[in-house]
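S.K.: Go ahead and model the full structure; you've got the sequences and the hints to work with.
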Amino acid sequence: MAESQGAPETPERVPVMQRVLDNPFLLLFLGVVIPTVFYILWGLIELTQIPLAQ
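Basically the numbering used here = 1-based index in the sequence shown + 6.
The set of hints was computed from the structure by calculation and includes no laboratory data.
Treat each hint with caution, since some may be false.
Quick list of the computed label-pair ranges, beta carbon to beta carbon [as the list claims (entries may be wrong)]:
1. L58 with Q24: 44 to 52 Å
2. G37 with P14: 47 to 55 Å
3. I51 with T16: 45 to 53 Å
4. I56 with P17: 54 to 62 Å
5. I40 with E15: 34 to 42 Å
6. L47 with L27: 55 to 63 Å
7. V20 with I40: 16 to 24 Å
8. E18 with I40: 27 to 35 Å
9. P21 with P41: 19 to 27 Å
10. R19 with P57: 38 to 46 Å
C-beta: ideal position from N, C-alpha, C; glycine also.
M.R.: Following this line, the structure appears as structure tokens:
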């Protein structure tokens, strides 16, 4: 009864990085997507540096 008269307790927010590291499927997704994007960008940069045939 004494507890109901106090201020309402707000739940503590979990930090974003902790939520990311606690989610194995998100880690799997990021572990596949990030290297893929970097390799695609690296390949596109390499393609732009190839001299044109004459």
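S.K.: Could you see if the CB distance from I56 to P17 stays within 54 to 62 Å?
M.R.: holds, 56 Å
S.K.: Confirm or reject the claim that V20 and I40 have a C-beta distance inside 16 to 24 Å.
M.R.: Holds - the Cβ-Cβ distance for V20 and I40, about 23 Å, lies within 16 to 24 Å.
S.K.: Tell me if the beta carbons of I51 and T16 are separated by a distance inside 45 to 53 Å.
M.R.: Cβ of I51 to Cβ of T16: about 48 Å, so the range 45 to 53 Å holds.
S.K.: G37 and P14, beta-carbon distance inside 47 to 55 Å?
M.R.: Since the Cβ atoms of G37 and P14 sit about 40 Å apart, the hinted range of 47 to 55 Å is violated.
S.K.: Is 44 to 52 Å right for how far apart the beta carbons of L58 and Q24 are?
M.R.: holds, 50 Å
S.K.: Honestly, do I40 and E15 meet the 34 to 42 Å range at C-beta?
M.R.: At 38 Å between Cβs, range holds.
S.K.: For the range 27 to 35 Å, tell me whether the beta carbons of E18 and I40 fit it or not.
M.R.: holds, 30 Å
S.K.: Can you let me know if the beta-carbon spacing of R19 and P57 is within 38 to 46 Å?
M.R.: 54 Å Cβ-Cβ, so the 38 to 46 Å window is violated.
S.K.: Look at the Cβ atoms of L47 and L27 and judge whether their distance stays inside 55 to 63 Å.
M.R.: violated, 25 Å
S.K.: CB of P21 to CB of P41, is that within 19 to 27 Å?
M.R.: Roughly 25 Å apart at Cβ, these two residues keep to the hinted range, so it holds.
The structure fails to meet hints 2, 6 and 10 from the earlier list, while all remaining hints are met.
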